[in-house]
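A.B. asks: Residues per chain, in single letters:
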Amino acid sequence: MGKTIDIVLVVVGAVACLALTGLMPWAELGMTGAPDAWPLWLRWVNENLGLPLPNYDQVASLSTGWSEYLKKAGAESRFGDYAYSLVMGLAMVAAAIGIAAIGREEAEEKTVLPVKK
Amino acid sequence: MYTSIPKGLTDLTLAIEKGTNAVISNRYNPFYYHGALPQFYLWVLFLSGLLLFAYYIPTIDNAYFSANLVNAWTSVDYITDKLPMGAVIRGIHRYAGDAMVITIVLHALRVWVTDRYRQYRWIQWVSGIVLLLMVLFIGQTGYYLVWDERSLVLTRMTVSAFDAIPLIGPGLKAWFLNGSAITNLTLSNFLFIHIGLSFSLLFGLWVHYVRMTRPVITPPPAINYMLMAALLVVVFAYPITSGKMADINTAPTSFDIDWFFLFPYWLMAKVDLTTYWVLMVGATVGLCLVPLPSLYKAANPIEAAEVVLSKCTGCSLCSKDCPYQAIEMVPAPAGSRFKLLATVKPYRCSGCGVCVGACAFDAIDLPNLLDTDVTAQIRAMAEAKPN
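Chains as they are written, first to last, in this note's numbering: chain U, 1 to 117; chain Z, 1 to 387.
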C-alpha cells in the first residue's frame, strides 16, 4: 500500500513538474506565447528548420488574472518575471514531492542489534 | 528552573515530529534539520545579495552623475522595474531574510523545548543569541539601503537611539552616519555594515559549531527545493515595492512595518529611549543567561569521562564518536606500546557515554556510571520476567 502511494506520488510529482516547467518559457516571455515574443534566433529556427514552438493558447487567460493581481499588489512592470517565479516555485514543490517519495522507502530505519548467541 | 519547561510542549513537539516522520519519513523531516534551515537561507542571501550589489549605487544624491538623478533609490528602482528578473532577485533577498529570522526563532524554540541548550551547550545558545541579533541588525541596514522615506525615518530613529546612550552614544552616532550628518558617505557606510557584518556571520557560525563534531548544516535536496519554492511563491504573492524617494529636507513620520526586522522601531516609538535600551539590553542579557543556572544547579552533576591509561590503545574510536569534540588524541608518553593516547577535555564533556560504547578495550569510563554497572543493569532488565 505504502509503496503504491509512493509510486503515485513520484508520477504525479514528475508530471506536474514537467507541466509547470513547460510554462516557464511562457512566463519568461511576459506571459504570452505569441510568435513575435519569441527570441529572433528561435523564430528563425522555427521558420527555416521547422522546429515547432509550443502553443500557449490554453493558458492565455492566466495572463490577465495574474497581471491584475500583481498590479493590485504593487508591482509596476515585468509581470512575466513574477509569473516565472511562481511557476518555477510550483515546479520545485512538485519535484520535491517526487524526490521525497522516492527517498522515503530508503529512509526507513533498520536498527540491527548485535546479539551474542 | 528547567523543570519548568512545559512537559506538554515537549511532548507536543515530539508528537509532531513523529507524525511528520510517518508522512514523509525521518529523512525529509525538517525538524531534524532545524539548524540547517537558517544556514540555507544565509547562502540564498549571499547569492542574491551579490547580484543586487552589482547594480546598487550607495549615494543619496546625484553627486557623481549630473545628467540624470542616480542614487540608491533610483538604482533599487532600476533593479525592480527594468532589470530582467531584478524584482524576483530583490524579492528573494528580502524574503530570505524574513525566512531566516523565522527559522532561527523556530530553531531556538526547538532547542529550548527539547532541553538542548544548557550545560555544555551554553556556548551554542549564547552564540546563537548573538547571531540572531547580528541578523536582525543586518536586516535593518538592508531597509536603510533602499533609501525611501521609511529608510530616512529608520535612520533618524537609530541616530536618536544611539545618541541617547551615555558615554559611547555620540561615537556610535558618528560611526553609524560616517560623519555628523546624513551624506553620501552614510549610505556607503550602511552598505559596508550590511555586507561586512553579513560575512562576519560566518565567524559567528564557526563559534556556534565549534563544539559539535558533526553539525548538520545542509538539508537534503527535497527540503532545499521546498525552502526555495516557498520563497519564489511568496515573491509572486507579495511583490516588493519601495516607498517614495527619501528627501533629507522633509520629515516623514510613518512607515509600513516589517515585524520580522523592524519591531525594535515599533517599541522605540512607544516608549522613551532610556526605557527602550533597558528593555532591549535586558531582553538580550536575559536570553543569554537562560542556560546559566544549570551551571550551578544541575540536577545531575556531570562527571567527565575518564580514560583508563593502562588500557588505552590510542585507536581514536572514542575521539571520532564523541559528538562534542571533548576527546583529543595526544602523543603517548615515551615507552608506551602505542603512538597515541586519548585525553578528555572535562569542560566539553557532557557525560553522554558515547565514548564508553565506542571503546572496544574498556579504556574509558564515566566515574558515576561505570561500564560494569551499566552491563549489570542491562542484564538485570533483560533477565527480569514480565508479570
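Rather than coming from a laboratory, the hints here were simulated on the basis of the structure.
Misleading hints may appear alongside valid ones.
Said to hold, decoys possible - Lysine-lysine pairs mimicking PhoX-like chemistry, simulated, CA-CA at most 20 Å apart: (1) Z:311 x Z:270; (2) Z:244 x Z:82; (3) Z:244 x U:72; (4) Z:320 x Z:345; (5) Z:320 x Z:339; (6) Z:311 x Z:345; (7) U:71 x Z:18; (8) U:71 x Z:345; (9) Z:18 x Z:7.
A.B. asks: Compare the structure with the hints numbered earlier in the document and write down the numbers of the violated ones, lowest to highest.
C.D. replies: Numbers 1, 7 and 8, in rising order.
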